[in-house]
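Asks: Sequence:
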Amino acid sequence: MNSKLRKTAPKAAALFLTAALVTASLPAAAANPFLPRAAAAVQTAQAEAGQHGTFRIVGIGDSITAGYEYGAAVDTVPYGYVERVFEQALFRGRAEYANYGILGLKVEGLQQWLAAAEQNDSITASEAQEGLNNYLFAEQTIAKTAQLRSDLQQADLVVMTIGGNNFSGLFEQLSGGRAASDAWLVAALEQYDVGLTASIRSIAALNPNARIVISDLYSPVPDHKVTLGVLGITQDDRTYLLEAARMLRERLQAIVARFKQEGVRIDGAYSAELFEGKERQYTTIGLGDLHPTQNGYSVMGDAFAEAIWGDVRTVAPRPKDVGISVVVDGKEIINDNKPVLRANRTYLAFRDIADAMGATTKWDNKTKTVTITYGSNEVALTIGASAMRVNGNPIAIDTPAFLHKAGKEQKTYVPLAVLADGLGFQVEYRGKLKTAFINK
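The sequence shown runs -30 to -1, 1 to 410 under mature numbering (1 follows the signal peptide of the UniProt record, and there is no 0).
No lab work stands behind these hints, which were simulated from the structure alone.
For every residue, glycine included, the Cβ atom is placed at its ideal position computed from N, Cα and C.
Do not take every clue at face value.
Claimed, not checked - Derived lysine to aspartate or glutamate pairs resembling DMTMM-like cross-links, with alpha carbons at most 25 Å apart:
1. LYS402 to GLU302
2. LYS404 to ASP391
3. LYS230 to GLU246
4. LYS114 to GLU78
Said to hold, decoys possible - Quick list of the computed label-pair ranges, beta carbon to beta carbon:
5. ARG62 to PRO287: 13 to 23 Å
6. ILE304 to GLU220: 41 to 51 Å
7. GLU232 to GLY401: 40 to 50 Å
Turn these sequences into a full structure, and let the hints guide you.
Replies: This is the structure in structure tokens:
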């Protein structure tokens, strides 16, 4: 773990890392991206869910859930597997997520934290797990237990990575011989089983209808002579670590199977085997850190998407002169009228966006005004005007509509976000994908 994100730097050689699914969206806390989303935003999302069918995602777990990358600063905006699950949800409709990932969290800490949430009790980081308060932001995140309880009760999906910090000690056992490491591993697997089982029961008690998806654990140790030498382990040790990861995956599969028999909606997201042979590409092990790279988080995100929806969706390749993709209710807008970026705002031909939304349009040639109606909402935009009318009420805008030459025609282009928001649609721009998602 990078010392920048700790108050102190206790020694930890974590040779196993966890990857678990997490989806749902609430505006990120500006001061610290590793803290859960603001409570007010969560409550607003909950109020809207009944009207718009918002798919709510809660991510909970360790630093992998938090989206930590080697070298991350306090103000780094995470882009891990949780964010990728959120994007996959946006391809399918309106979605929001809250991320409760905590650096240094172990399975027993998760168990205690979720038990407190289930019982509607308060708990401190050190009460949940000895030494957890040494990790930056852990105390603030644990303090949001009441909000966690509320978010879990409202969640459609709970994604999780946990266990990596528990199995870190296996590395230190290798030098003591296989008898010692075998005994240690058996005890660690049992602790994992007990803690994860209790954690799942707490989530199911809070929300019997939520779907729970949990990641397996990967070994970051590559088949690379120099790296093995630096780590001080042999090829046989690497094989042993891979076997331990397989045993843990089988234990997770058994836990999932038990809960399925009880009627709990639960699945595993299995990506550990995909890391084998690509450890130096998918982790930062070469830099002395075990967390995923962006490539690693992408593999994990895909595994979650496959477990949840059965496929992974992407936008079509963009021409060089097109800087953004637009997806409306799961369907990408692709035609000759290309999106236009002005002052970091996206504009589209009004008929294209209206048709994609299923809205009706009316053009007043005399006033150069387009009126777009969806359900009970009506937005009127006049070319060049610094205000629009939403349901008859004037609202100032800094993104006026304009005429844009498309081929031999002049098309009326309207500001995408302003229009969609005025009609009651969710607007989410995902910078990594360079894609705007518009959902009812």
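Asks: Each of the hints needs a verdict: does it hold here or not?
Replies: Against the structure, the hints:
1. LYS402 to GLU302: holds (17 Å)
2. LYS404 to ASP391: holds (19 Å)
3. LYS230 to GLU246: Measuring from Cα to Cα gives roughly 29 Å; hence the hint is violated.
4. LYS114 to GLU78: holds (18 Å)
5. ARG62 to PRO287: 13 to 23 Å: About 21 Å separates the Cβ atoms of ARG62 and PRO287, which means 13 to 23 Å holds.
6. ILE304 to GLU220: 41 to 51 Å: holds (44 Å)
7. GLU232 to GLY401: 40 to 50 Å: holds (41 Å)
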